[in-house]
Amino acid sequence: MTTDPLTTNPVPYSLEVSGLAFAYPDGHQALFGVDFALERGERVALLGPNGAGKTTLVLHLNGILTAGAGSVRVAGLPVDRAHMAEVRQRVGIVFQDPDDQLFMPTVREDVAFGPANAGLRGAELEARVTRALERVGMAEHADRPPHHLSFGQRRRVAVATVLAMEPEILVLDEPSSNLDPASRRELAEILTSLDVTVLMVTHDLPYALELCPRSLVLSGGTIVADGPTPKLLADETLLHAHRLELPFGFSPR
Amino acid sequence: MGSGHAHRLHLHGHSPVHRLPAHTKLVAVLAFVVVVVSTPREAVWAFAGYALLLAAVARAARVPAGFALRRMAVEVPFVAFALLLPFVAQGGRTEVLGMQLSVSGLWGAWNILAKGTLGVGASVLLAATTELRDLLLGLQRLRMPPMLVQIASFMLRYGDVIADELARMRIARESRGFRARGPRAWGVLARTAGALFIRTYERGERVHLAMVSRGYTGAMPVLDGRAATRAQWSAALALPVTALAVCLPAWTL
Amino acid sequence: MHVPDGFLDAPTSVATGVIAAGAVALSLRGARRELAGSAAAGPTAGAAGPGAERTAPLAGLTAAFIFAVQMLNFPVAAGTSGHLLGGALAAILVGPFTGVLCVSVVLLLQAIMFADGGLTALGTNITCMALVTVVVAHLVFRTLLRVLPAGRSTVTASAFVAALISVPASALFFTLLYAVGGTTDVPIGSVAAAMGGVHILIGIGEGVITALTVGAVIAVRPDLVHGARGLARPLKLKVGGELVDAPAAPAAAGPAPRSSRAVWFAGLAASLVLAGFVSFYASASPDGLEKVAVDHGIDRGAEEHAVADGPLADYGVSGVDDERLSVGLAGVIGVGVTAAVGTGVFLVVRRRESARSAQDEAAARESTAGHGKS
Numbered sequence: 001m002t003t004d005p006l007t008t009n010p011v012p013y014s015l016e017v018s019g020l021a022f023a024y025p026d027g028h029q030a031l032f033g034v035d036f037a038l039e040r041g042e043r044v045a046l047l048g049p050n051g052a053g054k055t056t057l058v059l060h061l062n063g064i065l066t067a068g069a070g071s072v073r074v075a076g077l078p079v080d081r082a083h084m085a086e087v088r089q090r091v092g093i094v095f096q097d098p099d100d101q102l103f104m105p106t107v108r109e110d111v112a113f114g115p116a117n118a119g120l121r122g123a124e125l126e127a128r129v130t131r132a133l134e135r136v137g138m139a140e141h142a143d144r145p146p147h148h149l150s151f152g153q154r155r156r157v158a159v160a161t162v163l164a165m166e167p168e169i170l171v172l173d174e175p176s177s178n179l180d181p182a183s184r185r186e187l188a189e190i191l192t193s194l195d196v197t198v199l200m201v202t203h204d205l206p207y208a209l210e211l212c213p214r215s216l217v218l219s220g221g222t223i224v225a226d227g228p229t230p231k232l233l234a235d236e237t238l239l240h241a242h243r244l245e246l247p248f249g250f251s252p253r
Numbered sequence: 001m002g003s004g005h006a007h008r009l010h011l012h013g014h015s016p017v018h019r020l021p022a023h024t025k026l027v028a029v030l031a032f033v034v035v036v037v038s039t040p041r042e043a044v045w046a047f048a049g050y051a052l053l054l055a056a057v058a059r060a061a062r063v064p065a066g067f068a069l070r071r072m073a074v075e076v077p078f079v080a081f082a083l084l085l086p087f088v089a090q091g092g093r094t095e096v097l098g099m100q101l102s103v104s105g106l107w108g109a110w111n112i113l114a115k116g117t118l119g120v121g122a123s124v125l126l127a128a129t130t131e132l133r134d135l136l137l138g139l140q141r142l143r144m145p146p147m148l149v150q151i152a153s154f155m156l157r158y159g160d161v162i163a164d165e166l167a168r169m170r171i172a173r174e175s176r177g178f179r180a181r182g183p184r185a186w187g188v189l190a191r192t193a194g195a196l197f198i199r200t201y202e203r204g205e206r207v208h209l210a211m212v213s214r215g216y217t218g219a220m221p222v223l224d225g226r227a228a229t230r231a232q233w234s235a236a237l238a239l240p241v242t243a244l245a246v247c248l249p250a251w252t253l
Numbered sequence: 001m002h003v004p005d006g007f008l009d010a011p012t013s014v015a016t017g018v019i020a021a022g023a024v025a026l027s028l029r030g031a032r033r034e035l036a037g038s039a040a041a042g043p044t045a046g047a048a049g050p051g052a053e054r055t056a057p058l059a060g061l062t063a064a065f066i067f068a069v070q071m072l073n074f075p076v077a078a079g080t081s082g083h084l085l086g087g088a089l090a091a092i093l094v095g096p097f098t099g100v101l102c103v104s105v106v107l108l109l110q111a112i113m114f115a116d117g118g119l120t121a122l123g124t125n126i127t128c129m130a131l132v133t134v135v136v137a138h139l140v141f142r143t144l145l146r147v148l149p150a151g152r153s154t155v156t157a158s159a160f161v162a163a164l165i166s167v168p169a170s171a172l173f174f175t176l177l178y179a180v181g182g183t184t185d186v187p188i189g190s191v192a193a194a195m196g197g198v199h200i201l202i203g204i205g206e207g208v209i210t211a212l213t214v215g216a217v218i219a220v221r222p223d224l225v226h227g228a229r230g231l232a233r234p235l236k237l238k239v240g241g242e243l244v245d246a247p248a249a250p251a252a253a254g255p256a257p258r259s260s261r262a263v264w265f266a267g268l269a270a271s272l273v274l275a276g277f278v279s280f281y282a283s284a285s286p287d288g289l290e291k292v293a294v295d296h297g298i299d300r301g302a303e304e305h306a307v308a309d310g311p312l313a314d315y316g317v318s319g320v321d322d323e324r325l326s327v328g329l330a331g332v333i334g335v336g337v338t339a340a341v342g343t344g345v346f347l348v349v350r351r352r353e354s355a356r357s358a359q360d361e362a363a364a365r366e367s368t369a370g371h372g373k374s
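Residue numbers (this note's numbering), protein chains in the order written: chain C, 1 to 253; chain U, 1 to 253; chain F, 1 to 374.
Check each hint, because a few of them may be wrong.
Computed Cβ-Cβ distance ranges for the label pairs, DEER-style [claimed, not checked]: (1) E124(C) with T229(U): 25 to 33 angstroms; (2) G119(C) with T229(U): 22 to 30 angstroms; (3) R179(U) with R81(C): 50 to 58 angstroms; (4) L201(F) with G119(C): 55 to 63 angstroms; (5) R184(U) with L201(F): 17 to 25 angstroms; (6) V79(U) with L201(F): 22 to 30 angstroms; (7) L97(U) with I200(F): 35 to 43 angstroms; (8) V220(F) with R179(U): 22 to 30 angstroms; (9) R184(U) with P149(F): 24 to 32 angstroms; (10) R184(U) with S18(C): 57 to 65 angstroms; (11) E126(C) with T252(U): 50 to 58 angstroms; (12) S153(F) with E124(C): 54 to 62 angstroms; (13) L201(F) with G220(C): 52 to 60 angstroms.
Worth flagging that the hints you see were computed from the coordinates, not collected in a lab. The beta-carbon is built from N, C-alpha and C at its ideal position, and this holds for glycine as well.
The following block holds chain C by itself, in its conformation from the complex:
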């Protein structure tokens, strides 16, 4: 690739979304001009009520949906047909239900699926799989079928399947849903130990506060707030206006 933007821009954003608008073929419009950018290594929460367009936005980040208007760039690469394989390599999406994500017969094969699609084979592939599983503490379960793991373990393996692709940016859709407190804490420890850019889509505000120094609020298909998480969570008017609520008795300070 001679025109690789990486070489022209010394420090590209991990993720750069500008003017992104999208309508489904039936005319229902979900995004109305979304703008934001994530620096490399940042951990950012994307907060928003149900129906705000969070999932639609996530599906744009690796080109499953393509922008009606505006653009998405991953590490400087535009998300378009020409760069699709590269982009999917760099954006790792962890979906909400790990059963949807873990479709292979064993944990090992599932983690190997992504890198193998990228052309890795043999010892190199094996090493990649082992490393990814070790990072989420699931190496000893490599040969088990996903169905036999607990929900929290499955969520961690789902993270590993994406880490094995060595992504530039990790996107997690509701990572804390259905987790018991211990699994929740374990996942948080894993996520904070990673050195990748993380975009966490959630309405679990305490989890966002714990993990992400910065937050975005998506509501009605646009970004309505962008700033340090403690500051946003302290703004009761903002939260109230966008159907976001802190749990009872929880104080962001």
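With the hints as your guide, set chains U and F onto chain C.
Then chains U and F, alone, in the frame of chain C:
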């Protein structure tokens, strides 16, 4: 089905039979059954020989007789049918225990019982000594279209997930006082089936998204490339070759 | 309960094996188009052709659904219960190709996992339970939809009739196979009558359950019912908006129709030649008249033996007397049915092809409209 049922079906072990590559065992069982099926039914002693061969394999595989016989219960409806044949078939009659029975019906019943039982026995041994996944990979090695193998793998992976969903729906029905009694309950049950289809299909769409997100383009990366050695082939094929040796005199005598 | 090893003679098993393999091969191609959906055209279309990457997960999950739904017991009376066979349901919900494919995969796994159905009888089982059931159900269903006034109640009524007919059709086809390649001589005429009778009863159950299930799906997600797509399309414009509805590119008008048609032709011709060859071979065999015995519809499991015993007891009534004549007849009928089924498949394919290209154009227009709004 799936891993849950597989546990009941598969006997974990490390016998020489377990260690043979799946595709050699598949070929061996298929060839064995073909030999059995093409043996003339009058050669009663040949079928006794086949049964001894299967017993020897079961012994080598350390499959307990009780397990194999229990698994063979799938055959029971056909046994019931075969027992009817002597009463209903036409042709010459003979008297057995004071009953007028058709000679060709007796031969027909014997034919179905003997061949069916040996076929079931061979399949049960195959399933008991081979992991399902290996069976599918074996089929792929034997040139079954990879797409078919993929579909079958998905069915295995999600069979349990879907059966669990069905079980949860049943519990939900019964918790609200529903008892399935007679055709009046069909409406409710059919709505369950309909809901199950919708959930299953939607899950299929989510799985597809998760796959595409990790670079899937329609072809599964081939990860398992275990070829069989000549010794393994000869070990596996010992069964059908011996059976053939039994069969040949049955044809000529 | 599936046909075990040794039930039919070797040539018949081989012939049904070839037919089954051809049917599955055709279904793999057809299912790709059926499952392509509107997203296949989008950016995700990969090296294996449009829709290829949707086939495995969706057909796999549908197969798992059919397997699971066969475990759902429908109580009949006095402690007995039956379950859905699912061929007609699959044909209507996901389309004939995907239906054949999914039921075949279920049968394959039942054979290698549970020893349910013999390995050498796999072709027979697929031909009877996947191919004949699904194709007959689909043809009846489409015909009725065309003849009757459009509407949801038509869809459920057609589903009922299609499922009802598909069950005895499959049983009768098996009877024919048994007449050609069975291993015991049972009077075929009366057996065919008895088989038909029992299976109409079973078919009524299948029909009611299928119709109710299709109705339940249509009520919630009409867009998911393949057989009701004509009905659902205007609805989808208003309601749609599922995750995967990416803008469709017009370039995605299905994989090269011409070449696949050639493959269909070849498969059809091969099956016909083989079916003809085999019945000739079978009637020339010195074993003489071989006749029917079983059905796959006793199928409903051991509980239903009460139903099955009655007609079986009638097997003693004598059937056709002239042995050679009946074998010859059976062979001719066998070829005829194969030809009819084959032609049906071909006609459906051809019609679907033209319908599909029209639909693709519509989808393309739709997506352009979507772009315009944003």
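Structure-based check of each hint:
no.: 1; hint: E124(C) with T229(U): 25 to 33 angstroms; in the structure: 26 angstroms, holds
no.: 2; hint: G119(C) with T229(U): 22 to 30 angstroms; in the structure: 29 angstroms, holds
no.: 3; hint: R179(U) with R81(C): 50 to 58 angstroms; in the structure: 56 angstroms, holds
no.: 4; hint: L201(F) with G119(C): 55 to 63 angstroms; in the structure: 57 angstroms, holds
no.: 5; hint: R184(U) with L201(F): 17 to 25 angstroms; in the structure: 18 angstroms, holds
no.: 6; hint: V79(U) with L201(F): 22 to 30 angstroms; in the structure: 24 angstroms, holds
no.: 7; hint: L97(U) with I200(F): 35 to 43 angstroms; in the structure: 37 angstroms, holds
no.: 8; hint: V220(F) with R179(U): 22 to 30 angstroms; in the structure: 25 angstroms, holds
no.: 9; hint: R184(U) with P149(F): 24 to 32 angstroms; in the structure: 30 angstroms, holds
no.: 10; hint: R184(U) with S18(C): 57 to 65 angstroms; in the structure: 60 angstroms, holds
no.: 11; hint: E126(C) with T252(U): 50 to 58 angstroms; in the structure: 54 angstroms, holds
no.: 12; hint: S153(F) with E124(C): 54 to 62 angstroms; in the structure: 60 angstroms, holds
no.: 13; hint: L201(F) with G220(C): 52 to 60 angstroms; in the structure: 58 angstroms, holds
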